[in-house]
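Enquirer: Residue numbers (the working numbering), protein chains in the order written: chain A, 1 to 325; chain B, 326 to 656.
Wrong hints could be hidden among the right ones.
[Stated by the list, open to error] No more than 30 Å apart at the CA atoms, straight line, and that leaves these computed lysine-lysine pairs for DSBU-like:
no., chain 1, residue 1, chain 2, residue 2
1, A, Lys265, B, Lys597
2, A, Lys113, A, Lys148
3, B, Lys597, A, Lys198
4, B, Lys348, A, Lys265
5, A, Lys265, B, Lys474
6, B, Lys636, A, Lys265
[What the hints assert, rightly or not] Which residues of chain B face chain A? A partial, calculated answer using Cβ under 10 Å:
no., residue
7, Gly385
8, Ser389
9, Leu574
10, Tyr584
11, Ser611
12, Thr628
Bear in mind the hints are in silico, worked out from the structure with no lab data behind them. Remember, predicted model here, so these are calculated numbers, not experimental data. The beta carbon of each residue, even a glycine, is placed where N, CA and C say it ideally should be.
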Amino acid sequence: MTVLVVENLKTSFFTKAGVVKAVDNVSFSVGAGKVLGLVGESGSGKTVTAFSIMGLVDPPGRIVGGRVLLEGHNLLDCDDEAMRRLRGDRIAMIFQDPMMTLNPVLRIDTQMKETLRAHRAVSREKAHDLSRNALGRVGISSPDERLKAYPHQLSGGMRQRVAIAIALLNNPRVIIADEPTTALDVTIQAQIIFEVQKLARETGTAMVWITHDLSVIAGLADNVCVMYAGRIVESGPTADLLDHPMHPYTAGLIASIPSRNPRGKPLAQIPGMTPSLLRLKPGCAFRDRCARADAACGVAPDITHPTTARTLRCFHPITATAETQ
Amino acid sequence: MTALLELRHITKNFSRPLDLAAKIARLAGADVREIVVHALDDVSLTIAEGEVIGLAGESGCGKSTLGRIAAGILTPTVGARLWRGTEINLLPMEQRRNAALKIQMVFQDAFASLNPRMRVAEIIGEAPHVHGIDIGGDLDTYVDQLMRKVGLDPSFRRRFPHQFSGGQRARIGIARALAVKPELLVCDEAVAALDVSIQAQVLNLFMQLRADFNLTYLFISHDLGVVEHLSDRVVIMYLGRIVETAPTLELFRHANHPYTQALLAEVPTLEKRGHDFTPVTGEIPSPIDRPPGCHFNPRCPHTMERCRIEKPAFREIAPGHWSACHLNDAH
Chain A
1 MTVLVVENLK TSFFTKAGVV KAVDNVSFSV GAGKVLGLVG ESGSGKTVTA FSIMGLVDPP
61 GRIVGGRVLL EGHNLLDCDD EAMRRLRGDR IAMIFQDPMM TLNPVLRIDT QMKETLRAHR
121 AVSREKAHDL SRNALGRVGI SSPDERLKAY PHQLSGGMRQ RVAIAIALLN NPRVIIADEP
181 TTALDVTIQA QIIFEVQKLA RETGTAMVWI THDLSVIAGL ADNVCVMYAG RIVESGPTAD
241 LLDHPMHPYT AGLIASIPSR NPRGKPLAQI PGMTPSLLRL KPGCAFRDRC ARADAACGVA
301 PDITHPTTAR TLRCFHPITA TAETQ
Chain B
326 MTALLELRHI TKNFSRPLDL AAKIARLAGA DVREIVVHAL DDVSLTIAEG EVIGLAGESG
386 CGKSTLGRIA AGILTPTVGA RLWRGTEINL LPMEQRRNAA LKIQMVFQDA FASLNPRMRV
446 AEIIGEAPHV HGIDIGGDLD TYVDQLMRKV GLDPSFRRRF PHQFSGGQRA RIGIARALAV
506 KPELLVCDEA VAALDVSIQA QVLNLFMQLR ADFNLTYLFI SHDLGVVEHL SDRVVIMYLG
566 RIVETAPTLE LFRHANHPYT QALLAEVPTL EKRGHDFTPV TGEIPSPIDR PPGCHFNPRC
626 PHTMERCRIE KPAFREIAPG HWSACHLNDA H
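Assemble the whole structure, with the sequences as input and the hints as a guide.
Expert: In structure tokens:
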């Protein structure tokens with residue numbers, strides 16, 4: 001069952017220097033209990049996409065088009081009050097830095113109970129029990145002690161678990177996680193991904209997992225969208241997309257991961273750097289860095305469906321035969 | 326191969342002296358003690374000429390502290406530092422300074438390590454000018470050469486650091502380090518903040534420079550993929566101690582220490598699809614309050630009674646492969 005549908009979402013920032021199309025015609029959907037990986041480099045528009053869904057875009061930014069359907073209901077039609085009731089209840093967000101979620105001067109239990117009681121009438125005792133259960137679900141040992149702690153008394157991994165527990169409190173239909181494990185160590189990251197995987201399966205919550213790290217996505221996501229300069233350039237089922245990338249950008253990203261290269265040999269690299277969204281030329285945004293680009297790429301490629309499950313924005317995709325050459 | 330830099334039995338503690346109020350409280354009988362962070366505990370490391378050593382471990386394991394001691398930015402609490410066989414601290418002033426110049430550092434955050442009010446040409450050219458390095462000509466030409474070497478357009482020489490992208494700033498940091506003609510570069514998470522496609526470009530630059538200038542690297546990174554790709558030998562640290570070191574292929578194929586094995590098992594890779602994670606439990610203990618015996622014992626799946634009491638010896642278990650684990654004594 002599809003829980004979240006994003007259709008032709010467009011978010012622009014109207015700055016003095018010009019209009020920045022941070023999110024340009026982005027569409028995807030996530031089913032219950034599924035994890036969608038949203039991958040891209042800095043400035044590709046991943047976070048603005050998340051903020052647009054959550055209704056957190058501040059001026060000079062504005063959503064200029066598209067629809068965000070949560071169980072068939074368009075979030076972009078909601079007023080501030082309606083959005084406030086949905087956020088933290090039906091749709092929750094986990095940030096890269098848990099201190100963005102946690103209030104440093106309040107104890108964990110205060111913050112968790114607040115989240116519960118903001119959305120439903122529960123007694124203090126019931127709220128306490130629910131909070132303790134939520135901490136237990138994300139693998140926090142001795143939850144009673146942790147409830148009485150302040151955020152600064154917890155380690156980085158522990159704080160991120162608390163942030164995830166808070167996101168889970170009201171059993172949301174969708175959780176959007178923006179680089180939640182990027183600042184954590186490998187062993188702690190593995191623990192958190194393990195918990196998240198289990199939770200998505202058990203509770204049927206749909207996850208949008210935003211990251212720059214394709215390797216994390218490989219182990220976690222069911223589907224992947226690759227973003228470049230505000231657009232989704234390629235999407236599809238994780239294994240299929242990673243094994244047979246069709247967009248030259250996706251292929252370049254995969255090829256430049258050190259472990260994919262023979263040891264000590266020069267790494268395959270994508271030349272140049274990510275273009276400034278302010279001075280984006282018409283046409284395919286990747287064409288200046290692309291070995292396959294030609295005159296046709298001066299026009300922005302439309303979305304095509306090379307197979308039923310995949311989408312692509314490229315005139316010169318890498319086909320299976322070309323790859324073997 | 327001769328040893329270029331040798332660190333012998335380095336211990337480094339950080340402590341904040343008690344303030345007056347705390348001292349008075351202690352005189353009055355209160356239980357006030359100085360908090361000591363044990364960053365490094367009896368660490369020895371030899372870096373051979375031309376070698377690339379990858380130093381890996383999680384946050385708080387002491388890898389940056391070891392890098393800074395190697396570069397001479399921090400002084401060890403206990404232990405000696407030898408450059409080409411002579412202890413640096415016993416050298417006469419001028420030779421000591423020359424040895425110090427031979428070791429340069431490249432930092433993670435190039436933006437924080439570059440002076441925002443200096444132009445690129447000044448940043449790169451200042452050190453060779455101050456130290457009277459033989460640059461064989463005039464300074465401007467030398468700076469242009471260096472900029473070209475690290476892949477920067479010399480026409481950018483009048484720009485300030487904020488006018489560059491992250492990848493370009495990393496290149497400025499490298500050019501700055503190279504300007505005094507070092508033999509050893511200590512790179513502390515030098516590519517960690519960069520996007521994957523830019524990271525590949527900078528790693529390629531490191532490998533190119535190694536060949537061009539015959540450099541030796543101490544490459545500090547939490548990213549095992551980067552370490553595997555670049556290093557000849559890998560050193561794994563955990564909570565202030567080296568737990569294992571081996572030639573790269575050997576370490577990645579036959580990891581001996583349970584911590585190294587856990588680390589390798591949990592690194593996400595493109596190949597581990599929909600894989601069910603079975604993570605090691607627990608968190609890294611605090612370096613203020615370390616567990617006795619083997620530091621990894623509270624999280625290790627093979628913990629025995631002995632691990633809680635006795636510090637395991639760092640022993641050679643195969644040629645060039647050293648590990649500190651009691652399991653190696655069992656057989």
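Enquirer: All hints, please: hold or fail.
Expert: Right, here's what the structure says about each hint:
no.: 1; hint: Lys265/A with Lys597/B; result: holds, 23 Å
no.: 2; hint: Lys113/A with Lys148/A; result: holds, 12 Å
no.: 3; hint: Lys597/B with Lys198/A; result: holds, 17 Å
no.: 4; hint: Lys348/B with Lys265/A; result: violated, 58 Å
no.: 5; hint: Lys265/A with Lys474/B; result: holds, 19 Å
no.: 6; hint: Lys636/B with Lys265/A; result: violated, 39 Å
no.: 7; hint: Gly385; result: holds, 9 Å
no.: 8; hint: Ser389; result: violated, 14 Å
no.: 9; hint: Leu574; result: holds, 8 Å
no.: 10; hint: Tyr584; result: holds, 9 Å
no.: 11; hint: Ser611; result: holds, 9 Å
no.: 12; hint: Thr628; result: violated, 16 Å
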